[in-house]
Structures are given as C-alpha cells and as structure tokens.
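Chemist: Could you build all of it, start to finish, from the sequences and the hints given here?
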Amino acid sequence: MPRHDGIETALIKRIQQGGKCLVPYITGGFDGYLETISAAADAGADAIEIGIPFSDPVMDGPTIQMANDIVLSKGITPERILNDLASLDVDVPLAVMTYYNVVYRYGLERFAANLRESAISGAILPDLPLREAKPWIDVAMGNSIETILLAAPTTTDEQLPEICKNSSGFVYAVGLLGITGAREELASSAQVIAKRCKATTKKPVLVGVGIGNPKQAQEIAEIADGCIVGSAIVQKLLDGESPENVGKFVSEFRAALDEI
Amino acid sequence: MNEPTDGGRFGKYGGMFVPETLIPACEELEISFREAWSSTDFRKELDDLLRDYAGRPSPLTRCERLSEELGYQVVLKREDLNHTGSHKINNVLGQALLAKRMGKTRLVAETGAGQHGVATATAAALFGMECVVYMGEVDIERQALNVFRMKLLGADVRSAVSGSRTLKDAINEAMRDWVATVEHSHYCLGSVMGPHPYPWMVREFHRVIGIEAHRQCIDMLGRIPDVVTACVGGGSNALGIFSGFVDTEAELVGVEPAGGAAIERGIPGVVHGSLSYLLQDEWGQVLEAESISAGLDYPGIGPEHSHLADIGRARYEKVTDAEVVEAFQLLSRTEGIIPALEPAHALAWMSRDREFLSGKTVLLNLSGRGDKDAMQMMEVLG
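Going line by line, the protein sequences match chains V and W.
Residue 0 is where the first sequence starts when you use numbering that gives the first Met the number 0, and the numbers rise one by one after that.
Residue 0 is where the second sequence starts when you use numbering that gives the first Met the number 0, and the numbers rise one by one after that.
Treat the hints with care, as some may be off.
[Unchecked claim] If you anchor each label on the Cβ, the simulated ranges turn out as follows:
no., chain 1, residue 1, chain 2, residue 2, range
1, W, D46, V, P160, 40 to 50 Å
2, V, S86, W, L151, 52 to 62 Å
3, V, K73, W, D47, 55 to 65 Å
4, W, D46, V, E78, 46 to 56 Å
5, V, G74, W, E378, 28 to 38 Å
6, W, R42, V, A85, 52 to 62 Å
7, W, E248, V, K73, 46 to 56 Å
8, W, R157, V, E34, 31 to 41 Å
If you are wondering where the hints come from, they were derived from the structure by calculation, not from laboratory data.
The structure displayed is predicted, hence computed values, not measured ones.
Beta carbons: idealized from backbone N, C-alpha and C, even for Gly.
Modeler: The following block contains the structure:
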C-alpha cells in the first residue's frame, strides 16, 4: 500500500522530480465524496486532505461551513468517515483536517490508532497551535501519524523555526490573514509567508487558504513547493458537480502546476 | 484567586486553543495586560473611568421584604445600577483602555443578550474607536432594544446566521473576524472564557465587584455573608463577586440555566479557545444550549469555573425557565427592582432552596437590570 509511505515521502518524491505538489481538500461524509477522492487522486493530486466536519469551525469560511453543516445534519460521525476511508483504494496518501475537540472527545490515542488502521497518514488541526500540540504530536508519532502544523502570516520569526521543526508531512503556510475561502486575487502575504517558510525549512512548504484557481496555484508555486485547494473544490461539491467533473477541475490545477 | 499557570491553565482547564494566526496576538495581549495591570497610571485611569463614567462603586442593598418572603437575609450587589445596565462595563472599559494602549483602533465583540455589545459600543464611542458587534440572528430578534442601542452608539451590528444563531455562533463569527483583522483590531471578549489571557484578564477587570462587596458586607452586616451566589453563562459576573470571597468561609454557588448546565451535564472539551466543561455529543460536536435568557444561552463555561467545581470550592446549581420567570416577578414585586433574566436565575435557585438557606445571609450579585427583557416578558406573561 503506497499510502503507508506517508505524505512527506510522496511530496518529496514529486519535488525531487522537479514537480510541484497539489493537495485538494474534500469534505468527508459529503454525498459521493469517496468517488470524488478517487477522481482527485486520478487527476494528479499528490495527497488529499479530508475534512471531518465540526460544529464550530472557526478557521473556515462560508463554503466549507455549509458543506460541514450538510454532513452534520445527516448525522454522519467522524468514526463513520474514518471507516469509509479504510476501505478506499487510492494510491495517494491521505490526511484528515478537523478541529481539536473532535480528537479530544474521541480520545487522542484512539483517534490516532483509528487513523493508522484506516491507512490515513496525517492530521491537520487548525485550532491546535504548536504551544498546545505536544500531547497530540507525541501520540501521533507513536502511531506513525504525521502532524501538519500551520504557519501564519503573523507567526513571529522566533516561532517559525519551531513550527517548521515540529511539523511533519509538510508545513502548511497560511496564505492570508483570514479564514478559508477563495479570493479574487492571490494575497501578497502568501508569497511572503511562503518565502519565510522556504528560508526556514527543508520540508515541503505548501500554501493554503485563498488559493482558488489554477492561475493563483501557479503563481504561489513559483515560490512554494505547492498548494492546498479547499473552498474552490468544496464549492463544486455544493454545486452538485459529479466526481468526474471535480476530477477535471483538479486536473486543471495539475496542468497549471506542471507548466512551471 | 490566583493567576493561571504560564500555559494559561486553571488546574487542567483553560489554555490557548486558537489558530496559529492568533497566537502572537494572544501572547502580546498577555504581556500588555500584565504590564498595564501593574502600572499605577493605567490603574488610576481605569479607576477614574469606573467612578466618573460608570458610576462605581455600585451599592449594596439590604432587601427587607424579599428577606421576609424567603425567610432568610438577602443582600444585593447592585451591578444593575452601573452605566449601560450591567456588570459588563467593568471589563469593557478595561479592555478598551488596554486596546488603546496597544495601538488598536477597532473593537470586535460578540454579544448574547446585548449587554456586552452595548457596553463595548459605549466604550468604542467614548474612545472614538470603530466597533463591530456580532450577534446571533435569534438574539437580534429577542433583544431588539439592545440592537437599537448599539446602532445608536455607532456600532456595526452583524447577524450571525450559522448554527444555533445564538451566542456560541456570534463568538465563532467574532473569532473569524479577528483572524482576518488581528493587526489593527482587538477582540473585546465579554466573559471569562476564550483563549488565555482572556479568562484571567476578564476576571481581573471584574474583581472590583468582589472587592467592593466584601468591604460593603463588613460595613453593612458586620460580617461576610454565608453564601455568595451569581448566575453563570460564561461566568464573568460570578467570578467577579467570587473573587472577593474565595479566601473566606463563604459558600460560593453559581447558577446555570437547566438548558445550558455545562458543569452538571457537560464533559470537558475544547471550543472557543479553551478547555472546559462543555455540552457536546459523543463525537465532540457542540450542542446547542437552550435558555429563556440570551445572555446565558451558551453550551460552555469559563475554565476557572470548571476548576472551582472540580476542587469543590464552588458548586453549581441549575434552574428552569419557569422558575426564572417566577423569580423575575418576585424581585420586582417585593423590592421594586426589575432584574435582568440572567441574575433572576440565581434568585430562582435562592427561592427554590429556601429551606437549605434558612437562617443564612445570602449575597446575590444582581448583574444587570431587566429593562432589556421587558418586551420578551410582556409576551411570556401575557
């Protein structure tokens, strides 16, 4: 199972081949999400981020909130999503993105073990900053789960090396001051944080938040090792697009990144 | 009451569970607050404002007729007589002064019943700062008067339309705003909750309630009361008054709405920046609280309350909406004081447990006045 090699290995492989990394985000539990994950993998994603919906997602904008609420209103549980993913046959590594209370309530050890059993490589917990993350990182490492930490435009020069050092999988550079959601223009802060991270670490640096079209992806990947595309893809799910069409959308990002 | 640990913990509760984007702002706030709180200039400026603008000290009122009706002695700490009508002004003047000192030009706040929103809008007007207040759509409907007051004071009132469309969702929106505007905005959080340093800082700004009440009880009663009680949503007015008595023999009782009883029905969890008792389902999804009082309609509780409950220094009771409606009328009828629905919760417990309280002296923190609730109660009482 190539999925067991983990996210960092997969991304480094792409980078060493001279390529740029693409990580789409898909809301877990949404109608047809398993087929969508497969389509995104086939379209050239290097890893895929699966959202586990939480009732109070403070880092997310209206698009991801809406998809969240739809899933929650159907009573779909985190456990159900992890079980679904266990049976999914894709050859790219997966990470879950959720909020810390979901993990805390599940039990840190049980959650990490469940991720491992479902062959999920990593976790992104946007409301678990480095200063609170040690208990989770210890448990995650014990289960060979990569914890992807966020570096923000406001992160200080003292703190940035610590975040990069403790992050595994890649460093998630937050492209702008704000919550998730597509924007008209790539924020200038995206280039700044990407440069700062690249100057700090040899780990892959991917920019997320505010990357909504292939042109923006290309622009940021001139500096970063790649990008995460979330709300723009989730919007396609909300619009009722088929997995094939979402796959086509992902392949547009792939093509744009391959031009670099 | 002590300072939290370096990590912002009261026992195991508290912490700083916010996106990395906000960490520098929270850390800067902690440093700025610590520096300001030990500065005599800052303390004097705040004390002057509390006296000359907010009307402190608030009086202590002995309740003859209510005491007769309940069968034990009752005294009220009159936070309802503060400017803007509740205890909220203590915290807001402190935070606005601090924000100004930190060079911030915009205040962001959440509000439930509207009291904290009105207080924040008031402070923003006083200091000439921009002000945005997030309020749940449901609360905007049931607290129309306070919405008007905020607008009159120059605030931009924004409707939170996600989730339960009450206080919890207004906090989500305020935090999302702050994530995007942190460079020039200060999040003026209205209770002893949220990420460190808020639970500690907000308690310190309300400590004045307890300090005054302790002195006033000695002057009026010649002793400290047997029981000190207050309503608890996030729990700021309760910690304010408890702080004056935590080192005494007085029993401390917080009263929550039955539909939002975080201590009794909650499980420790992380939301809005801290670890504390929280109403949640078995998967960690936060449940919606339900209360007649918009100000207590919150599924969590401040982390220091969770700690006080665990170590047994305070205990927490719960009351139903029907009991609150009774208490609302009781104080109006016996003392000529119309309470806000929030402190009417504490009075509802006092009224129900009068046998237990018989022969004791009880200090109730009357955290706000009931004008804002008049319209709603007109409908309830027909």
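Chemist: If a hint holds in the structure, say so; if it does not, say that too.
Modeler: Comparing the hints with the structure gives:
1. The hinted range of 40 to 50 Å is satisfied by D46(W) and P160(V), whose Cβ atoms lie roughly 43 Å apart.
2. For S86(V) and L151(W), the hinted distance range of 52 to 62 Å is satisfied, since their beta carbons lie about 59 Å from each other.
3. K73(V) and D47(W) have their C-beta atoms about 56 Å apart, which keeps the hinted 55 to 65 Å range intact.
4. Distance hint check for D46(W) and E78(V): the Cβ-Cβ separation is about 54 Å, which falls inside the suggested range of 46 to 56 Å.
5. Distance hint check for G74(V) and E378(W): the Cβ-Cβ separation is about 34 Å, which falls inside the suggested range of 28 to 38 Å.
6. The hinted range of 52 to 62 Å is satisfied by R42(W) and A85(V), whose Cβ atoms lie roughly 59 Å apart.
7. Separated by about 53 Å at the C-beta atoms, E248(W) and K73(V) satisfy the suggested range of 46 to 56 Å.
8. Distance hint check for R157(W) and E34(V): the Cβ-Cβ separation is about 38 Å, which falls inside the suggested range of 31 to 41 Å.
The structure agrees with every numbered hint stated previously.
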